[in-house]
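Participant: So the chains spell out like this:
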Amino acid sequence: MNRPAELPPEILQRRPPWRLAATIRRGLLALAVLMQTLTATYFMLSVLPYHGGNLVEASMAAVFALLFAWISVGFWIGLIGFCLRRAGGDPRSLLRQQDAATLNNTPLGRTAVVMPIYHEPVGRSLQGLKSVILSLQRTGTLAHFDFFILSDSRDPDVWLAEQAAWQALREELGLQNQLFYRRRPLNLNYKSGNIGDFLRRWGKAYDYMVVLDADSLMAGDTLVRMVQLMQRHPQVGILQSSPSLLNGRSLFARLQQFSNQLYGPLFTTGLAAIQLGHAAFWGHNAILRVQPFMQHCGLRKLPGWGLFKGPVLSHDFAEAAYMGRAGLEVWLEPELTQSYEESPPTLSDELTRDRRWAKGNLQHLWLMLFSRRLRLAHRMAFLNGIMGYVASPLWFTFLVLTTIEVARLILWPINYFPEQNQLFPLWPEWHPQRAVWMVSITLTLLFLPKFLAIADVLLRGRRKAFGGGIKLFFSVLLEMLISALLAPIRMLSHCRYVLEALFNVNLRWAGQNRSGETSWLAAAVNQGIGSLMALAWAGFAWWLEPMFFLWSLPVALPLVLAAPIFVLLSKVSWGEGLMRRHWLQIPEEASGSALLDDLETPSTLLAAEQQTAFIEAIVHPQINQLQTRLAHSPRARRQQSELELLAQRCLHEGPARLSTAERNLLASDAKSLQWLHTQVWQVAPQTPWGTLLTQRISRN
Amino acid sequence: MTQASSELLLQRVLAYWQWSGLALDATTQQQALVIVTRALEKPAEQQLPYCLQAMQAALPPAAPISSAWPPLRRGSMRYGDY
Numbered sequence: 000m001n002r003p004a005e006l007p008p009e010i011l012q013r014r015p016p017w018r019l020a021a022t023i024r025r026g027l028l029a030l031a032v033l034m035q036t037l038t039a040t041y042f043m044l045s046v047l048p049y050h051g052g053n054l055v056e057a058s059m060a061a062v063f064a065l066l067f068a069w070i071s072v073g074f075w076i077g078l079i080g081f082c083l084r085r086a087g088g089d090p091r092s093l094l095r096q097q098d099a100a101t102l103n104n105t106p107l108g109r110t111a112v113v114m115p116i117y118h119e120p121v122g123r124s125l126q127g128l129k130s131v132i133l134s135l136q137r138t139g140t141l142a143h144f145d146f147f148i149l150s151d152s153r154d155p156d157v158w159l160a161e162q163a164a165w166q167a168l169r170e171e172l173g174l175q176n177q178l179f180y181r182r183r184p185l186n187l188n189y190k191s192g193n194i195g196d197f198l199r200r201w202g203k204a205y206d207y208m209v210v211l212d213a214d215s216l217m218a219g220d221t222l223v224r225m226v227q228l229m230q231r232h233p234q235v236g237i238l239q240s241s242p243s244l245l246n247g248r249s250l251f252a253r254l255q256q257f258s259n260q261l262y263g264p265l266f267t268t269g270l271a272a273i274q275l276g277h278a279a280f281w282g283h284n285a286i287l288r289v290q291p292f293m294q295h296c297g298l299r300k301l302p303g304w305g306l307f308k309g310p311v312l313s314h315d316f317a318e319a320a321y322m323g324r325a326g327l328e329v330w331l332e333p334e335l336t337q338s339y340e341e342s343p344p345t346l347s348d349e350l351t352r353d354r355r356w357a358k359g360n361l362q363h364l365w366l367m368l369f370s371r372r373l374r375l376a377h378r379m380a381f382l383n384g385i386m387g388y389v390a391s392p393l394w395f396t397f398l399v400l401t402t403i404e405v406a407r408l409i410l411w412p413i414n415y416f417p418e419q420n421q422l423f424p425l426w427p428e429w430h431p432q433r434a435v436w437m438v439s440i441t442l443t444l445l446f447l448p449k450f451l452a453i454a455d456v457l458l459r460g461r462r463k464a465f466g467g468g469i470k471l472f473f474s475v476l477l478e479m480l481i482s483a484l485l486a487p488i489r490m491l492s493h494c495r496y497v498l499e500a501l502f503n504v505n506l507r508w509a510g511q512n513r514s515g516e517t518s519w520l521a522a523a524v525n526q527g528i529g530s531l532m533a534l535a536w537a538g539f540a541w542w543l544e545p546m547f548f549l550w551s552l553p554v555a556l557p558l559v560l561a562a563p564i565f566v567l568l569s570k571v572s573w574g575e576g577l578m579r580r581h582w583l584q585i586p587e588e589a590s591g592s593a594l595l596d597d598l599e600t601p602s603t604l605l606a607a608e609q610q611t612a613f614i615e616a617i618v619h620p621q622i623n624q625l626q627t628r629l630a631h632s633p634r635a636r637r638q639q640s641e642l643e644l645l646a647q648r649c650l651h652e653g654p655a656r657l658s659t660a661e662r663n664l665l666a667s668d669a670k671s672l673q674w675l676h677t678q679v680w681q682v683a684p685q686t687p688w689g690t691l692l693t694q695r696i697s698r699n
Numbered sequence: 000m001t002q003a004s005s006e007l008l009l010q011r012v013l014a015y016w017q018w019s020g021l022a023l024d025a026t027t028q029q030q031a032l033v034i035v036t037r038a039l040e041k042p043a044e045q046q047l048p049y050c051l052q053a054m055q056a057a058l059p060p061a062a063p064i065s066s067a068w069p070p071l072r073r074g075s076m077r078y079g080d081y
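Those protein sequences? They're chains X and B, same order as listed. Numbered according to numbering that gives the first Met the number 0, the first sequence spans residues 0 to 699. Numbered according to numbering that gives the first Met the number 0, the second sequence spans residues 0 to 81.
One should not assume that every hint holds.
Claimed, not checked - Chain B is faced by these chain X residues, among others (derived, beta-carbon under 8 Å):
1) ARG181
2) LEU185
3) LEU198
4) ARG200
5) GLY202
6) PHE369
7) LEU625
8) ARG628
9) THR677
10) TRP680
11) ASN699
Think of the hints as simulated: they come from the structure by calculation, not from any bench. Cβ atoms here follow ideal geometry from the backbone N, Cα and C, with glycine treated the same way.
Kindly generate the complete structure, drawing on both the sequences and the hints.
Facilitator: See the structure below:
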């Protein structure tokens, strides 16, 4: 095992005390999953008419076993989480390895809080960062932290708005020497490239780096606690908090955040207890030890073919695995509260994100199989991520095999003597009571953790935080109903994404939509084919056997109704209507949150206008001065003459006649910005810029 | 025509100053009127350039904008095997 040279050996013990506990826990989990899966598969074989005696049934049993093992892992992790929470928490967790007083007295190290952004809503991202900064200010430890907005945005209207909002924020907070902005001219290797660029430039100035997403919120106390934990445990390379969802407005986002806040603690507690010091990194709301990260976590491009060639798209799991390989620990600490992110506002946005994640996770197959000296736990984390998407094609395959099996039994005569020289006939057997058992066991695995989560809330006396006992119960029922509706829709979409990933279809790595509703047209276009497929399948099932039709309904019906489901779940009015009635309530809505209050405080940042940022950069004297200061110095003479021609065109034809690339060139050039500013204030009112200027003045 | 020009010039001077952070009190408004009056004495094509020059000259020197980045502390990322 490699030991990082920078950490003294007495700090990095050869075998940390938690390793034995981890081995025992993981062994017991594997045993439980294996026994449960074998028993269920045996039951499944007894349910099938030929008990797995033909290719279709054998394949069904194999696929069933994989899927059952997958949900069994989730069940046991939820159960372990429940038991540990009832016992007062995991005594092995990082937070419990010292008392609060010791932690409180631990001095802080220099920490950079970085927020990589790419075409995000500017106002919301910076307002979120402002909330984090204000929260840190209240702890009195702000001096230990610097903040970096790391932009990869390409559209000048976006990055000019980012720059203007950043300047406004640092002036408002008086953080001229602590709040910085950096935009890469070339955004190579996506987010990990952006972080790498930061580390190469300023990494040596910091002990730790906290990575935030554009929608992340973290309380100052939590950040301070994380730094103190890193200070106390020099063998820890990454400490991941467990972000809760909040601030959802649409029905979909509110359902997601309710389930995340209610069920999440059980699963993260269970997961953390199994992983211990071999946890995963989720890419944000985490603190990283900078020096070993720079030394061990650079990501090479994959050398394979197709999907497995090129930059690693989902960098976080790989970085955790490399940190583990270097001998450092990676911890998930579920008891670090007040760490938040937001849910995508609509199902459509979630699936757009899943499309990228599916490709990124499937790429991990290469790392899982061919990376050298990785921890088994990290290889399992890769497998877990891969299964998150591959489970969908497996489920789809199971449905196809089931349809073939039923069609074969109904449409073809039964062959009682499938083998030559067979003495006795082979009778198909039916055990409907076992089938009922099978369904019951599967449903128990899926839903019991949810009821355990309710029990956990009730036993902790937190029912009011979730709207009260009755509203909590009915909110869970609503969540379960909608989860059941969403499962087949997600399954079909994920099947498509897995196929796209395997065929290496190129994706545009876009920023996430964090607002807006889904239109009927968009929903119908996106889901039309799936709905037609489901309709055809249900029709075929009806024609085959009405009983099979009924069996197909839980999958077919949501797919047929996918478009209305997409639209209705995206409705903000529905989400807010339920919020007013305290349905799907989360604790922060009941007891308030200073972070959320800061986020929702009216601010000029929230009005950052992305659409007109290029015009503002030219028209507004102060913004022009700022953008000119941040832009490049004059370039080579040849480039300069091209820019002069472009600026002339911009002046005479107006900004709307320029392409994004052309506006990008002008906005990046200090001389062009300055020249255009001077010219625009001298143009006649009937010219394109004169009209814009008059409109802008009258809007003021 | 003269009326429209004077309105246009006054509108631009006041907007420019307001966006530059200047308080639009009685004194500045009087200053703006002086600039516009002088501009109107000039040929039409020189009125807007004159205004821009005069209103920029009336502004206090802009406060320097501090750097977007801290001083560089360069290091390198190491890329190990897979």
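Participant: Each hint: holds or not?
Facilitator: Comparing the hints with the structure gives:
no., hint, in the structure
1, ARG181, "6 Å, holds"
2, LEU185, "16 Å, violated"
3, LEU198, "6 Å, holds"
4, ARG200, "5 Å, holds"
5, GLY202, "5 Å, holds"
6, PHE369, "6 Å, holds"
7, LEU625, "6 Å, holds"
8, ARG628, "5 Å, holds"
9, THR677, "7 Å, holds"
10, TRP680, "5 Å, holds"
11, ASN699, "6 Å, holds"
Consistency note: the structure conflicts with earlier hint 2 alone.
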